[in-house]
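Enquirer: Chains as they are written, first to last, in numbering that gives the first Met the number 0: chain X, 0 to 484; chain Y, 0 to 99; chain C, 0 to 171.
Source of the hints: derived by calculation from the structure; they are not laboratory data. Mixed in with the good hints there might be a few duds.
Non-contacting residues of chain X with respect to chain Y, defined by C-beta distances greater than 12 Å in every case (computed) [what the hints assert, rightly or not]: (1) 8; (2) 18; (3) 200; (4) 431; (5) 432.
List of simulated lysine-lysine pairs, DSBU-like, C-alpha gap at most 30 Å [claimed, not checked]: (6) X/451 / X/38; (7) C/120 / C/142; (8) C/120 / X/199; (9) C/142 / X/480; (10) X/156 / X/431; (11) X/199 / C/142; (12) X/204 / C/120; (13) X/204 / C/116; (14) X/451 / X/156; (15) X/36 / X/156.
Each residue gets a CB set at the ideal place from its N, CA and C atoms; glycine is no exception.
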Amino acid sequence: MGAVVNIPIPNISAIVPEILATALACFLLIFDLFVPKEKKSIVGIAALIGCIVVGVVTFGYINKHVVTFSGMFVLDSFSVILKELFLLCDIIVILISLKYLEMEGVSLGEYYALLVFATVGMMVMASANDLIMVYLGLETMALSVYALVGFIKLSEKSTEAALKYLLMGVFISGIFLFGIALVYGVVGSTQLPEVSAYIKEHGLKNPVLLMAIILIAAGLGLEIAMVPFHFWAPDVYEGAPTSVTAFISVAPKVAAIAALFRVYIEAFNLMAPYWTTLLWLLAALTMTVGNVTAVLQNNVKRLLAYSSIAHAGYMLLGILAYNQVGLEALAFYFFAYCLMNIGAFAVVIYLKRENIAGDNIEDFRGLAQTHPMLALVMVIFLLSLTGIPPTVGFVGKFLLFSAAVEAGYYWLVAIAVLNSVISLYYYFKIAKVMYMENPEKRVPFAASIPLKVAVFALGIFTVVFGLYPHPLINLAQLSIKSFFG
Amino acid sequence: MVPLSHVIIYAFLMFAIGMFGALARRNVFIVLMGIELMLNAVNIALVGFSSYLGNVAGQIMAIFIITVAAGEAAVGLAIVLSIFRNRLTVNIDSFNLLKW
Amino acid sequence: MSWTQFFFYVFAGLSLLCALMVVTRRNAVHSAIFLIITFFFMAAVFVILKAELLAAVQVLVYAGGVVSLMLYVIMLVKAEEASQVKQNLGQIAIAAFIALLLALQVGSIVYLYFAQKPAGKAAVEALKYGGNTEGIGALLYTKYLFPFEVASVLLLAAMVGAIVLAKNRLER
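Please work from the sequences and hints to get the whole structure.
Expert: This is the structure:
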């Protein structure tokens, strides 16, 4: 007979957001059964309301700091801010999906459930305090996203993109796991504070942990779309349904960057000299490759894919800076990036008509004459992505670059600024087509009201937070408490 | 008792074989099998570490990895099926609508 | 060299051999059969390393579940035609180079670090609770409760995703 196992009652109140989100996903699956085929957007509206409710509940935890489930799960301001961001992404993506799915002929309730499942995975990643939790959260998110990418089953592009993404993702997750296994072999545990304690005790000259640092960066680098793990991104972004592209260009990237930040800061803080060198190189490469390749693109979805690779490079500056300002800038940039990048993809969806995908640069021709308001909003997003005032992207880039300067990365900031100048060229290319050329022929757009609301609200917020960023900055400052006292 | 370093060599060889299969082959099923071998190599390393450290955490991680691998295989095969319905082939070379 | 050590080398060597067969066969069905044999030998290695539960899970889930599923899909999509495809020699060389480089590079570092340390101890938890399975069970429902729950959500998401993708064409 073995000893009696005492099952402790964990602090469930800390994981209420995750429980609610999972319950929402399950509810959507069941609710879907009772909704007739031609009215599946009702499920989307239910998902929308559900996400808002979960977001409101989650906000109540903003000032808490709880470590629970035997140190597996940490609830702090940083994780709550990230969870709010993921739910915000969900809300916007649902708004832009409602009509788009019908146009693609795949209006199914499971779409929304998978979206929420992916969000649960990312919420777990944001709160993971153990490498195995990072892995499980990552895979929950990834498996849902693979299915979402291949959601248009009749489209060869969509299914092929899903297969490419899955094969790359699973392959890299094997490498990531080897990193985790090495950490376990050396430390005897994968909990971040214990790894940190081990390094403190045994010194940082450990070749195996150094290997683990590289392998973990590779594993999370795939979702970040960091060079040299970026080459899946353009294909997947182009092939996936545009609403899903908008989602995966923001939420998983942010989740992976946040997880990388937490792992490096909490577990490998003493080995900072090593991983800052690694990230320095990767950040410089990611920015440059992303921007230079984007110049050559003629498909707007591919162009935005390379631009989002470049933005991942900028965000790595926030991890590199590794100080209070850097964390604050990173949290701010997450929101800025969410607004402007999803906004740009929403405009691509707006352009979708019968037989026209809306993602070729030619489809933007003369938009300023036919739809001046839409062209204006697109210009706002492009200005913001370039980092020109008065937009939220400018404030975000300013904060990130000044944090990096404060940490002493002058050369890297110089490279980043140079890259921003390059990016001006290809963003301007879209603006030029919209304003300087004449439209071919008038085709009425079939944009629905939710999509219009989403596009114009994103445009307005991009400008408003650019002129008056204090609410977002205050929110971002809360995250400092999580790591720097 | 088996030396830990020999278990490590075993794990790395298995990982290399799996990686070779995943990178070199054009048949999508064999690519998936190669990836499964890679995940199994991680399991070998985890079990080796677990029995060297005398703590079962590594074996529990291995169980999670098996769980995830099963889920990945299910989704991956579903994608292969839906591609086959569109295209009637499972050769990776013919998936070239999206250029690298 | 003790008998356990001897059997470790035998089973490890055989499983590596079968794994090589998996990645080199032309026919995917043959590969799948070799994969099953690989998993059986691997399970034997797990028993030698005192991970009995994992050995059972390995056979049940991998050999019994994953590979069977693969075989079904291979039969559904008639993958024999794919076996006629010409392999690109350059790609094979590059793949072999990358795989060997990684194995030798990382492997040698890790090997040197862990050299001369014995494996094959039974876990402390296993001794405390009276066996490998009991030890894992006890830990799975206490310390690893949260990952356990997340894994269940993961399986649900994977199931929904797989069904959505594999379900027959939509009726418009």
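Enquirer: It remains to establish, for every hint, whether it holds in the given structure.
Expert: So, going through the hints one by one against the coordinates:
{"no.": "1", "hint": "8", "in the structure": "holds, 21 Å"}
{"no.": "2", "hint": "18", "in the structure": "holds, 20 Å"}
{"no.": "3", "hint": "200", "in the structure": "holds, 16 Å"}
{"no.": "4", "hint": "431", "in the structure": "holds, 25 Å"}
{"no.": "5", "hint": "432", "in the structure": "holds, 22 Å"}
{"no.": "6", "hint": "X/451 / X/38", "in the structure": "holds, 20 Å"}
{"no.": "7", "hint": "C/120 / C/142", "in the structure": "holds, 21 Å"}
{"no.": "8", "hint": "C/120 / X/199", "in the structure": "holds, 27 Å"}
{"no.": "9", "hint": "C/142 / X/480", "in the structure": "holds, 27 Å"}
{"no.": "10", "hint": "X/156 / X/431", "in the structure": "holds, 29 Å"}
{"no.": "11", "hint": "X/199 / C/142", "in the structure": "holds, 24 Å"}
{"no.": "12", "hint": "X/204 / C/120", "in the structure": "holds, 28 Å"}
{"no.": "13", "hint": "X/204 / C/116", "in the structure": "holds, 20 Å"}
{"no.": "14", "hint": "X/451 / X/156", "in the structure": "holds, 27 Å"}
{"no.": "15", "hint": "X/36 / X/156", "in the structure": "holds, 25 Å"}
Checked against the numbered hints given earlier, the structure satisfies every one of them.
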